[in-house]
Amino acid sequence: MAKKRNVILDAPIQFGHDKATQSDKDMMEFESMKLMLMTAMAEMGISPEEYAAFLADDKSLGEQRERILSMSDDLGFGSAPLREVKDARAMPDADKKSLRLKVQMKDVTKPPMWREIVIPADFNFSQLHHAIQAVTGLENCHLWQFQRQAYDPGLPIGIPMGDEMGFGLDDCTHDADVSPVTAFLAKKGDKLEYVYDFGDDWIFTVSVLEVMERAGEVATCTKWKCDFQPIEDCGGVWTYLRLREAFCAPDKLTSRQKKELAENFGFENFNTLSAWVDDAMMDIEYVNERLADIPESGRIED
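Residues in the sequence shown are numbered consecutively from 0, following numbering that gives the first Met the number 0.
These are calculated hints, taken from the structure and not from any lab test.
Hints may be right or wrong, so weigh each one.
[Claimed, not checked] Straight-line distance between alpha carbons at most 25 angstroms, and here's what the computed BS3-like set of lysine-lysine pairs gives:
1) Lys251 x Lys96
2) Lys224 x Lys258
3) Lys224 x Lys186
4) Lys224 x Lys105
5) Lys109 x Lys186
6) Lys96 x Lys186
7) Lys251 x Lys109
8) Lys96 x Lys222
[Stated by the list, open to error] Distance ranges between label pairs, derived from CB positions:
9) Asp176 x Asn270: 41 to 51 angstroms
10) Ala248 x Asp94: 25 to 35 angstroms
11) Lys186 x Thr253: 14 to 24 angstroms
12) Gln256 x Val177: 45 to 55 angstroms
13) Met280 x Cys140: 34 to 44 angstroms
14) Glu209 x Thr108: 36 to 46 angstroms
15) Arg241 x Pro294: 35 to 45 angstroms
16) Leu208 x Lys95: 32 to 42 angstroms
17) Asp94 x Glu267: 29 to 39 angstroms
18) Leu208 x Pro91: 17 to 27 angstroms
19) Val217 x Pro111: 23 to 33 angstroms
Computed from a predicted model, the values in this text were never measured in an experiment.
By construction, the Cβ of each residue, glycine as well, lies at the ideal position given by its N, Cα and C atoms.
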C-alpha cells in the first residue's frame, strides 16, 4: 500500500473539545452515541447543519459530549437490536461500466471543495468509502455510512456491528461489503450523502455525473477543486474553514495572530502548525496510489 506522507508534529494537538486526549474506547462510545442522537434528530426534522451550528461553540460541544456519554449506560444504546440487513442488486452490466462521480464536501463554499473520480461500476460501498477517503486525504480512522441524506434513518449503508473486526454500525440496512454501488448510484443525477466521523461530522454529497464504458479496473481522481483537504480529528468543517481562511494568505497574519493560532491548535510555534497544514494539501500522485490499493473486498487490513 502507498506509504503515508510524513507529518511533522512537535506538540500534541489539543482542541477546545479535548478530542485528542480521549481514549479510543471513549471516542468509539461517543461516536456511537452521537450517531444515535443525530439519527433521532433527523426523525424530528433537525438537520445536521442546524445541530452543527449549535455545537460550533467549543463549550457547547464539550457539554453535549459529556451528556451523550452519560446516557449510554442508562439507556442501553450499545445493546440496541440490529435491523435486518437487506440485499441489493447491481446494474446488469456493471462489470463493463465505470461511474464518474463528484464528491463534494457540504458547507464549504468560495471555493467549494470537491473531487471528481472514476470508479469501476461494480465497486461495493466499502470500496467507494476507501475511494472517498483517498481523494479527501482522510485515513479511515472512524465510523462512516452512506445515506440518502445525512443521518436519515431510512437507508444506512455501512459495516454492521458484530463483524469480525468488532467495528461497525448498530443500525444498518445494507452491508457495505456486499452492497453494490450501482444499487443506489446507477444513473446520472443519483445522489447519496457520505458521513464520516460522527464526532467531527464530515459530510460529502456523492453524485453520479456519468455512466460510461469501462475506463479501467482501479479508481482514479480526474479533477478537483481546492487543494486543502480535511484533517483527521481537527474538529470538523468549522475548524477546517478557519484553517483554510488563515492559510490562504499566511503572510498577512501578524506575529500575534500566528502565535495565537498555533497555541489554539496545540503547537509550539507557527512553523510546526504550517507543516501540519501543508501535509493536508492535495497530492494527486499519492491519491492515485491509494486508489490503486483498494482491494476487491473493500477491506484494507492494517
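Each hint, compared with the structure:
At roughly 49 angstroms between alpha-carbon atoms, Lys251 and Lys96 are farther apart than 25 angstroms, so this suggested pair is violated. Simply put, Lys224 and Lys258 have alpha-carbon atoms about 30 angstroms apart, too far for the 25 angstroms limit, and the pair is violated. Distance hint between Lys224 and Lys186 is fulfilled; the C-alpha atoms sit about 23 angstroms from each other, no more than 25 angstroms. For the hint linking Lys224 to Lys105, the alpha-carbon distance of about 13 angstroms falls within 25 angstroms, and the restraint holds.
The straight-line distance between the Cα atoms of Lys109 and Lys186 is roughly 28 angstroms, outside the 25 angstroms bound, and the hint therefore fails. With a C-alpha separation of about 11 angstroms, the suggested pairing of Lys96 with Lys186 holds against the 25 angstroms cut-off. In summary, the hint linking Lys251 to Lys109 is supported, as the alpha carbons are separated by about 19 angstroms, within the 25 angstroms threshold. As the CA atoms of Lys96 and Lys222 are separated by approximately 19 angstroms, the hinted pair is consistent with the 25 angstroms bound.
Hint check: Asp176 to Asn270, Cβ distance near 43 angstroms, so the stated range 41 to 51 angstroms holds. Against the hinted window of 25 to 35 angstroms, the Cβ-Cβ separation of Ala248 and Asp94 comes to about 48 angstroms, which falls outside the hint. Hint check: Lys186 to Thr253, Cβ distance near 52 angstroms, so the stated range 14 to 24 angstroms is violated. For the hinted restraint 45 to 55 angstroms between Gln256 and Val177, the CB-CB distance of approximately 51 angstroms keeps it satisfied.
The hinted window of 34 to 44 angstroms between Met280 and Cys140 is violated, with their beta carbons roughly 19 angstroms apart. In this structure the supplied range 36 to 46 angstroms is violated for Glu209 paired with Thr108, their Cβ-Cβ distance being about 24 angstroms. For the hinted restraint 35 to 45 angstroms between Arg241 and Pro294, the CB-CB distance of approximately 36 angstroms keeps it satisfied. Between Leu208 and Lys95 the C-beta distance comes to about 18 angstroms, which lies outside the given range of 32 to 42 angstroms.
The beta-carbon spacing between Asp94 and Glu267, approximately 53 angstroms, falls outside the hinted interval of 29 to 39 angstroms. Separation of Leu208 from Pro91 is about 21 angstroms and conforms to the stated range, judged on CB atoms against 17 to 27 angstroms. For Val217 and Pro111, the Cβ-Cβ distance of about 26 angstroms falls inside the hinted range of 23 to 33 angstroms, so the restraint holds.
The structure shown violates the earlier hints numbered 1, 2, 5, 10, 11, 13, 14, 16, 17.
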